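Starting from the known structure of chain E, arrange chain Y on it as the hints suggest.
Number of protein chains: 2
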Amino acid sequence: MPVNLPLPIAEKLLPVAGVRLGTAEAAIRKLGRRDLTLIELAPGSRAAGVFTQNRFCAAPVTVCKEHLMAGPIRALVINTGIANAGTGELGIANARASCDAVAATLGVSAPEVLPFSTGVILEHLPVDRLVAGLPAAKAALKADGWFDACHAIMTTDTQPKCASRQIQLGGKTVTLTGMSKGAGMIRPNMATMLGFLATDAAVAQSLLEQLVREAADLSFNSITVDGDTSTNDSFILIATGASGAPEITDATSADYKVLREAVVNLSVWLAQAIVRDGEGATKFMSIAIEGGKSREECRQVAYAVAHSPLVKTAFFASDPNLGRILAAIGYAGVMDLDVSRLRVWLGDGKEEVLVAEKGGRADSYAEEAGARIMESAEITVRADLARGDASATVWTCDFSYDYVKINADYRS
Amino acid sequence: MPVNLPLPIAEKLLPVAGVRLGTAEAAIRKLGRRDLTLIELAPGSRAAGVFTQNRFCAAPVTVCKEHLMAGPIRALVINTGIANAGTGELGIANARASCDAVAATLGVSAPEVLPFSTGVILEHLPVDRLVAGLPAAKAALKADGWFDACHAIMTTDTQPKCASRQIQLGGKTVTLTGMSKGAGMIRPNMATMLGFLATDAAVAQSLLEQLVREAADLSFNSITVDGDTSTNDSFILIATGASGAPEITDATSADYKVLREAVVNLSVWLAQAIVRDGEGATKFMSIAIEGGKSREECRQVAYAVAHSPLVKTAFFASDPNLGRILAAIGYAGVMDLDVSRLRVWLGDGKEEVLVAEKGGRADSYAEEAGARIMESAEITVRADLARGDASATVWTCDFSYDYVKINADYRS
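Quick mapping for you: the protein sequence lines, in order, are chains E and Y.
For the first sequence, full-length UniProt numbering assigns the number 1 to the initial residue and increments by one for each residue that follows.
For the second sequence, full-length UniProt numbering assigns the number 1 to the initial residue and increments by one for each residue that follows.
The hints are simulated quantities; they were obtained by calculation from the structure and are not laboratory data.
Each statement offered as a hint is correct.
Copies of the same chain look alike in the list, so a pair counts if it works inside one copy or between any two.
Derived pair list, reagent style DSS-like, types lysine-lysine, alpha-carbon separation capped at 30 Å:
#, residue 1, residue 2
1, K12, K257
2, K172, K142
3, K65, K293
4, K293, K350
5, K30, K358
6, K405, K30
7, K350, K12
8, K358, K65
Please read these numbers as outputs of a predicted model, since none were measured by experiment.
Bound conformation, chain E alone (with noise of 0.2 Å):
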């Protein structure tokens, strides 16, 4: 059950001028199931990603960094079912393949598609059955196709992820609308977090790239179900210009701060339905860290916190275990972080309490207190490091029986 994400409402998911979007059953690992989309981009559009560190990253990921340094991008196509990751330059080949068939079926050229693959590792791509179900997709395409394909990228997510956002630009009305899908780093075989928005807004290609890394940093970068980052994460931001709001290039005008503010406000929905869908969550956390010397070690301590599998036991079990938070605060490696001065709070949003200071346990504290907050199903950490002015916030979910239960279970 996630923690209090809702499910999307097809009507409420806004097209977005210049995208259209088409799904197919293509029976990639298994019949009867969507597991083909494709994405076709009017010309004069602009795409810009961001994709995993991991040094085993995925065939299609290779080739979405290659093609987005070629030039423009006309066309997404993304399986479900094979991730295309640790296979080697056989997986390299079929992702190329998929696109010079997607180029072929949309009448562009290959290295204007962008491939992305989700499912099992270590599997070879059928490409021959992505192929085949090329017109299908391409005969379901259209402007409304949001709510099909927030489903057909699903792998074991327990829902679709969607959302759109409207805002004004120039005396235009410009759409945002976004879906991702993941629900751990990496599921038993299903891999890879994907991430995809898009807006009509027209943005200048290096502002674009610019904005896609800020609101990757604030969104996607910063969430984690396991710590497991997988071998195929990708965000891609796309702008079709097609709202006919004029060009934004300057990063310090205040149509950009509009389009930002948007674009990471949705980023941040995006990324936090995946947390909401995680592998068995219970609960939804935020670790908020202030007081930091810099916003990289605010992200450290936050993500000490957020990976300790004792926090998130204690979580699970609405167990406000001060001392598991403070020893992960501790050993997250600020080598002279002065303890006495840290101080941490336990908070539901509805209220919050100081729960540590001087070194020990606040005075003030009384567990009753602290219990109460921790039976909510969305409760924030916050900790004031005390030696600088940098923040960072890191969501995450809770460690329950569920989630050893469904990656114990054997590669179904």
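Relative to the frame of chain E, chain Y by itself:
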């Protein structure tokens, strides 16, 4: 159920000349359990130690470091029940008061006493009860007290961990006996890994300090249960010199090598015993990384594999899930790792099979072979990074339902 961990047999635990141990029931946290251990060292004994790097280090750790700097050590006092960690200035005062009481009881000076605590974090040590228990512990002091002591230092360990070795040095028989405790880096409420190793060899102080670091690096600093570093971790090496063997003063001498090998061997046994008794452990895993540019790099990769919840749950399920192992190696942070040269093997001590090479699954690999090895209770993952001559091994256990159960149970 610990993985292949023999119960100590009283007759096989050899006294170390110059060391006497006594235990008592002091009701530190609960009635009716032996929770206080006193160790008395003969005059002329030397001690050296390594301690947790956690910034939230416990009060006794701070006092131990201070007393080891000050000069020779004549006694150790260990309590379970309360960790005296996260206790601020009162915690330090309580640790000092414990040393004062031990000093008065044994007729030594307070800086000659090392204090150790393990148990609940964030609660204060009841010094009066500890002091009240000292006469009984003193009365119980005996050379063959190791069997009792290894029981008395347990918290939620499922069984005691203690072993002996003998070597010949300068025509004299030299004995080494050690004990350890700990089952998770932090228990739901019980904290701490503790290790004590005593020998009646005579070793120069500077050499003893070198040896404790080398032995810790190859043993206690090469294990992980859940990646959580405790606030109280301590490993102490004691050399009483009472065997009559000539003093070792030269790190290049044959005697030092013989002693070093025995100390490392026993330390590894004691450290592995903690993993074998790891929380919910059903498998004992060795992660052996070779062909790295540096030992640190190899440790980094080994820990990425050893900490991955996905790898650990796959081992629990006896699932030869290569994708998870490769992904963990891939995200370990060796940014210029050439995955096309990497090779990975799975072994169980009887057979070893090549599972991955050239960026993917090895052609020769048959899943039946992998599945057969994964059924074993002791499994080695060996990886050759093919970029240098360094190597490192880390030991860990799997991640089971029981791990979550143990850690999600409310502090009792």
